[in-house]
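J.: In order, the protein sequences belong to chains A and B.
In short: position in the first sequence from 1, add 11, done, that's the working numbering.
In short: position in the second sequence from 1, add 23, done, that's the working numbering.
No lab work stands behind these hints, which were simulated from the structure alone.
It cannot be assumed that every hint is accurate.
A few chain A residues facing chain B, derived, Cβ under 7 Å [stated by the list, open to error]: (1) 75; (2) 269; (3) 273; (4) 276; (5) 304; (6) 305; (7) 319; (8) 323.
Here the structure is a predicted model, which is why all the values come from computation and not from measurement.
Even for Gly, the Cβ is constructed at its ideal location relative to N, Cα and C.
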Amino acid sequence: MRRHPWLALTAGFGGLLLLMAAAQLGALFMIDNLRDSGTQVQRRFLERSRTLEQIRSSIYLSGTVARDSLLAPAASASSQLAEVNRLHQQTDEALEKYQKSIEPEEAAAFANLRSEIEAYWRVLDRTFAWSDTERMEYRYQFFYSELIPRRTNMLQIADRVGQLNEQALLRGDQQFSGRFEQLRLGLIGMTVLTLIGGLTLAVNTSVLILRLQKEVHARLNENIEAKTSLRELSAKLVRAQEEERRALSRELHDEAGQSFSAILLEAENLLDEPHRDSVRPHLESIRGMAERGLAAARNLALLLRPSMLDDFGLVPALNWQARELAKRTGLRVQVSAAELSASLPEEHKTCIYRVVQEALNNVAKHAQASTAQVTLALRNEGLIDLTVQDDGSGFDAARVRGLGLLGMEERVHHLGGEFMIDSQPGLGTRLKVTLPFADLAAINGMHDTNTDFAGRRS
Amino acid sequence: MGCMTPIRILLADDHNLLRDGLRLLLERQPGFVVVAEAGDGREALRLAEEHCPDVAVMDIAMPLLNGIDATKRIVDACAPTSVIILSMHHDESYIVRALNAGARGYLLKDSLKADLIGAVKAVSQGHSYFSPQIRALLQEDYFREMSDKHKTDSFELLTAREREILQLAAEGKSNKDVAQLLNLSQYTVETHRAHILQKLNLHTVPELILYAVRKGIIH
Chain A
12 MRRHPWLALT
22 AGFGGLLLLM
32 AAAQLGALFM
42 IDNLRDSGTQ
52 VQRRFLERSR
62 TLEQIRSSIY
72 LSGTVARDSL
82 LAPAASASSQ
92 LAEVNRLHQQ
102 TDEALEKYQK
112 SIEPEEAAAF
122 ANLRSEIEAY
132 WRVLDRTFAW
142 SDTERMEYRY
152 QFFYSELIPR
162 RTNMLQIADR
172 VGQLNEQALL
182 RGDQQFSGRF
192 EQLRLGLIGM
202 TVLTLIGGLT
212 LAVNTSVLIL
222 RLQKEVHARL
232 NENIEAKTSL
242 RELSAKLVRA
252 QEEERRALSR
262 ELHDEAGQSF
272 SAILLEAENL
282 LDEPHRDSVR
292 PHLESIRGMA
302 ERGLAAARNL
312 ALLLRPSMLD
322 DFGLVPALNW
332 QARELAKRTG
342 LRVQVSAAEL
352 SASLPEEHKT
362 CIYRVVQEAL
372 NNVAKHAQAS
382 TAQVTLALRN
392 EGLIDLTVQD
402 DGSGFDAARV
412 RGLGLLGMEE
422 RVHHLGGEFM
432 IDSQPGLGTR
442 LKVTLPFADL
452 AAINGMHDTN
462 TDFAGRRS
Chain B
24 MGCMTPIRIL
34 LADDHNLLRD
44 GLRLLLERQP
54 GFVVVAEAGD
64 GREALRLAEE
74 HCPDVAVMDI
84 AMPLLNGIDA
94 TKRIVDACAP
104 TSVIILSMHH
114 DESYIVRALN
124 AGARGYLLKD
134 SLKADLIGAV
144 KAVSQGHSYF
154 SPQIRALLQE
164 DYFREMSDKH
174 KTDSFELLTA
184 REREILQLAA
194 EGKSNKDVAQ
204 LLNLSQYTVE
214 THRAHILQKL
224 NLHTVPELIL
234 YAVRKGIIH
């Protein structure tokens, strides 16, 4: 269920739908069945009633024919015999027919009727075999004491059979209502079953959905936590990197640089003394290497972290950067930061410096600009606005997002600031950063740009 | 002038090897005497107060008290001492800071051998001295700034007499010296000086010196 919720859901919903369909089909089938059996019972009843009626009328008719033949002169006897035989045969056929659909309850009565009828035919047949004298002699006696009672008896039995047939109809009716009751119960059962199934499914689905929701929520929280810790980590990394750079820069400057200076001076002092010609080129080579080493140590130190940033603060460092870039690339950079003091919090200082550095490098590398303007201003609400604007080719800010831009954005966001780039191809680029600054009083007290010189080692 | 009396020098650098090299270089020069050596800023200040040397050669990066702050206090404590700053930094910020602290010379550690002797001589006579690279750098910056901002050169606003006084002032001459040299009254010199600062939009002597270096008026 946990691994395949869709499987459980398919099984649940499918099962419920199948159950409902089966219940509908079953009910339809049973209703059809019921209707069929009802019609059948009625049809059989009617048919049997008709057959019975036929038997009854045949017997009645045969009695009439027999009476007519007994009363009539002898000449007409043979045609009446044929009529009686036809009736006999008709009755037999009707009896056979009735026999086929006989119910166990009427079996005894029907057998009785049948034997009575057989006997009746036999008696009747005998009268046709009589001579005229026998006929004259016995006919009235036969008519009243034999024919009439037998016929009455037979008709009575037929009536009983008819009653039994009616009872069969009644039984059929009862059976019908019994089966109807069964159908009703079946339908109720199905409904209850469907309800239970649906309820189970609903409960399970709800539980599943709730659990999924909880899981999603937990994942979301995890995600947020991971993101937060990632951001903290990246901020820590940035801080650590900056610290490392500062230490390396200082070490390079103070130790490596001083040593190269000393070697340089030593070599120059030695060059002043009289030497054999073979030593001189070596000393000159040492001097050259020391000069290059000194320049390399200084450049590397500045590249890592310019000492002005720690010694004089942000604005002198930005000015230095602008001058360096102008020297290196010919890009004119104007820095205006008149009312800003240099003793911003360390992190803000570094952040602004690095953002400007990255932005100006981008301008020099990609923008084909001739001037860039760096503006640093303080807003009353305790915000620092930084803008770097160039008159270069611009770019599609919505699409292009290099690693450098992401790094800047990350730095700014970590200090709770906003980072915006406004650029379109052909219209230059404007980078805007807003940093919140909590201690407004501290800034207001800093309008004097003369900061204390922070000694490299003091 | 006073060729008979040697120039007394205080040497302050925390890097022993470099300091030894510097002393060797200075002591070879006739008329130079290294009277004291310091390994940190506080020691430099103490020794300067004790010896009151003609010239103090100071590293910027020193433990306990950095070279710039030490310079300020040495200049306060012992007015005749001229300070030369030794530095690895090419940047203007450091030069301005050194001049504001009262230094008269600013040398890069790349070219000590070539510049140090000349620098010591120059500052001991009351002049300023900057490494040639520094001068070139400042002049380059100045020209770029001029062309960037399409400014008219304010130097054109100065009269011939004012330019003369600007150079002498930037070389470290006092108003009295200038007045003597040009055969003017001290009051006239002061008025000229005020005009110069106003026309060039400058406020302090270090700014004036820096301006003169940038314009190539002094070395």
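J.: Checking each numbered hint in turn, tell me which of them this model violates, lowest number first.
T.: As far as the earlier hints go, 1, 5 are violated by this structure, in ascending order.
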